[in-house]
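Protein chains in written order, with the working numbering: chain D, 1 to 566; chain R, 1 to 164.
What the hints contain is simulated information worked out from the structure, not anything from laboratory work.
Check before you lean on any hint, since a few could be wrong.
Not close to chain R: a few residues of chain D, all C-beta gaps over 10 Å, as computed [as the list claims (entries may be wrong)]:
| hint | residue |
| --- | --- |
| 1 | Asp35 |
| 2 | Lys194 |
| 3 | Ala387 |
| 4 | Ser543 |
To give an idea of the interface, some chain R residues facing chain D are shown, with a C-beta separation under 8 Å as derived from the structure [what the hints assert, rightly or not]:
| hint | residue |
| --- | --- |
| 5 | Phe13 |
| 6 | Gly14 |
| 7 | Gly21 |
| 8 | Gly25 |
| 9 | Glu58 |
| 10 | Lys66 |
| 11 | Ile71 |
| 12 | Ile74 |
Coverage of chain D stretches by chain R, computed from C-beta distances (three or more under 8 Å per stretch; other residues unrestricted) [said to hold, decoys possible]:
| hint | stretch |
| --- | --- |
| 13 | 116-125 |
| 14 | 297-305 |
For each residue, glycine too, the CB sits at the ideal point set by N, CA and C.
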Amino acid sequence: MKLTGSKILLESLVLEGVDTIFGYPGGTVINIYDDLMGSSIKHVLTRHEQAAVHAADGYARATGKVGVAIATSGPGATNTITGIATAYMDSIPLVVITGQVPTALIGNDAFQEADLIGITRPITKHNYLVRDVNELARIIKQAFYIARTGRPGPVVIDLPKDVQIATAKFEYPDTVELRGYKPTFSGNVRMVEKAVKMMLTAKKPVLYVGGGATLADAHNELMELAETLQAPVTTTLMGMACFPTRHPLSLGMLGMHGTYYANMAVTNSDLLIALGARFDDRVTGKISTFAPHAKIIHVDVDPTSIKKNVRVDLPIVGDLRDVLKKMNKKLAEHRDETTQAGETLKPWHMEIAGWRKEQPMTYKSSKTEIKPQFVIEKLRELASDDAIITTEVGQHQMWTAQFFDFTQPRTFLSSGGLGTMGYGLPAALGAQAAFPERQVIDISGDGSFQMNSQELATLVQYRLPVKIVILNNNFLGMVRQWQQLFFDKRYSQTCMELPIDFIKLAEAYGANGLRASRPDEVEEVIRQALAMPGPVIMEFKVSREENVVPMVPAGAGLNEMVLRTA
Amino acid sequence: MRHTISVLVENEFGVLTRVAGLFSGRGFNIESLSVAPTLDATISRMTIVTSGDDRILEQINKQLNKLIDTIKVIDFTGEDFIEREMALIKVTAEEATRAEILRICDIFRGKVVDITPKCYTVEVTGSPVKVNAIIDLLRPMGIKELVRSGPVVLGRGPKGWKGN
Ligand SMILES: Cc1ncc(C[n+]2csc(CCOP(=O)(O)OP(=O)(O)O)c2C)c(N)n1
Ligand SMILES: [Mg+2]
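Looking at chain R on its own, in the form it has when it is part of the complex:
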């Protein structure tokens, strides 16, 4: 089963390798990982999408917690949370397809952020499902290149990760 986990870590040298190394060393799967500092510059927040059965997820959780640099681990599975991902998609834009690209873009509240005579670059944000959907629709026009950020997540409601 797919799990989205937030890990708050000390914003220190080498922390990313510790987390990535933990996953590879123990044979855990990483689907995506994104990381950046938080409001408090001494803390970074990682969002990791992984998968495995309950036993593996329990181990991932505990092993992450065991790292000295880990401050908090939040597994959002079963929680109410907002999940967003961004994609930049370079798609071939011929005479015949330009209007269609723009219409798809519009429906997904995407933006065209770069234009050349034969190519549009589309920026879109949304849940991974939504990003998958627009990619599927654009694919027939010819996607030349594509980059996805991997999702970031926050729990819904007034509470922050510190519980207040």
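Looking at chain D on its own, in the form it has when it is part of the complex:
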């Protein structure tokens, strides 16, 4: 039977197991939207295409499935760019479908034409311009395969209007044939054996865990490895929630705003075991003083990550879960040694305990002002264990990473690589669409919230009960902090002179809003909000010039942390 391109697209999505897509209509996707009316796929109409892509991204991070977004050509498509770049930097599997002007008009500066393939080339894992409806099914199959395998990432399918209308015989391929794309899944056993040898002789090992652990769903294997070796674990922002922060072996986050003890442990370690992490500059600080005494084992599914920023003594390319399974299996042959690990590593644990005691992760509490860290702690106390937390970008994001104790994987969704303000609210929307019954909370700043606040409408329309915490310092706080520390307190353009009434804003959209201005109101506001059925904004008037510490100044080494600021 022959189907139109638009029907082929939707049928293929169903066969890929897609149940929800996020998008925004327009002229060059109008055929697809028409066919959507008869489809089993649920469509969520966001209020901006950027939000549609962030929502698909939040859906993907929370579920592990490929997120799907759709937008019209020209302005609709260019609005997706920040969303795509955000997903690309954090290796999130997405398929983004954009309408395109009819093939005959491509290159003519037609109405609402933009060269999306050209624009998205450096921010996608791959992209396709579909020129022939007969190739559509194969391209969709490949797009999903590429998006979710190897190092995941976003794939764009640019679909001209005439290709959506043209018809072809629909046969969805069973297999993918790509001679240029064969990601290494299985870790090399001999390398794993070598790694295990190094682990067994290390005196000061540290597991440094990145977002790859989440992407590979390797949390159980990671736990087994850490406990077998009795090795302390530090995670990046992206690896957060892959290892419970309250676990005795957890050092919390490392890097620019990492804990003192995580950064000291890395600096003093003799074996750094990097698992699905990429030695980002926010993590390493000055490269020349990063883990200067350590041999480095680097496990990553993407060979380009290895030896990109730092020297590596033992590289292992492969799926992290597969590699960790092999490591654990090999370690099981060394029970004699590993049962002694706690004993053998005692001096190392004592050294770390010393740093922990010297500089615990803490803050100065106040009876008069709401400390942002206090709100985060209270929220942890009152939210359920499996609550999904999203953040925007800024101080509130770092405080969340520092003070919210994560216990389950895929419960912390944050834009790490690109650092996109405006990510958290639509990402929460996407996560809530995937898990209607779970608590989903966006922790936001007053600045970031205004970057995609229009999505309140989407939340209300689809009855997505996302809870929003705004830590309102009436500042672009993170930038203000830099200005305070490095620019002599010259607060250029970091105070939004117009305070927004966030409660009224919530009400305008048909949502609820609650405000706390004093510390003793915090708990009650959180309790009430979490008990309310629909979306709720909780606004906390926090101390305005609180700083995020510790802080490794840009260009300094991890051991040169600023521990407190005036």
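Place chain R with the ligands on chain D using the hints.
Okay, now just chain R with the ligands, sitting in the frame of chain D:
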């Protein structure tokens, strides 16, 4: 250090931009690039001359391999390979210099492929070093215009890129 790399890619729309964009986006250097389809029309072969230290070359290699359209990357550095480049050189040919141009051309096994009363166009093929040499010798006569193809390379011996 100078490296010559062959990249076999899907002969598809936009592949050249992907490769060129990769080099510019990551700040890698391209000295020359030549591209044309192979015997198998679905595959194109690019020859790229680039430079950088070992770490950069390793990244170039891996990043090229990472492109979905890349089928194979061969870095010929340290290998035994044949490298050839072609140049067309438009050189002023006066009474006094014509014979000299022809003699130089002869020594380099070049050909004069276009003649006007005041100008010869010389075609020469060889390693980039050889092409540099003839250019140096012709320069004093007055080179009006010059085009070089950039080198293409093949490994020596019976084996093709597929290894058989
Ligand atoms: C889209 C975007 N624009 C600009 C920035 C630069 N930036 C990083 S943090 C920040 C301030 C964020 O302010 P707010 O959301 O109020 O959070 P706070 O730091 O005050 O907690 C800015 C402007 C960014 N990360 N993203
Ligand atoms: Mg703020």
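**Request:** Against the earlier hints, flag every one the structure doesn't satisfy and list their numbers going up.
**Result:** Going through the list in order, the structure violates hint 12 alone and respects the others.
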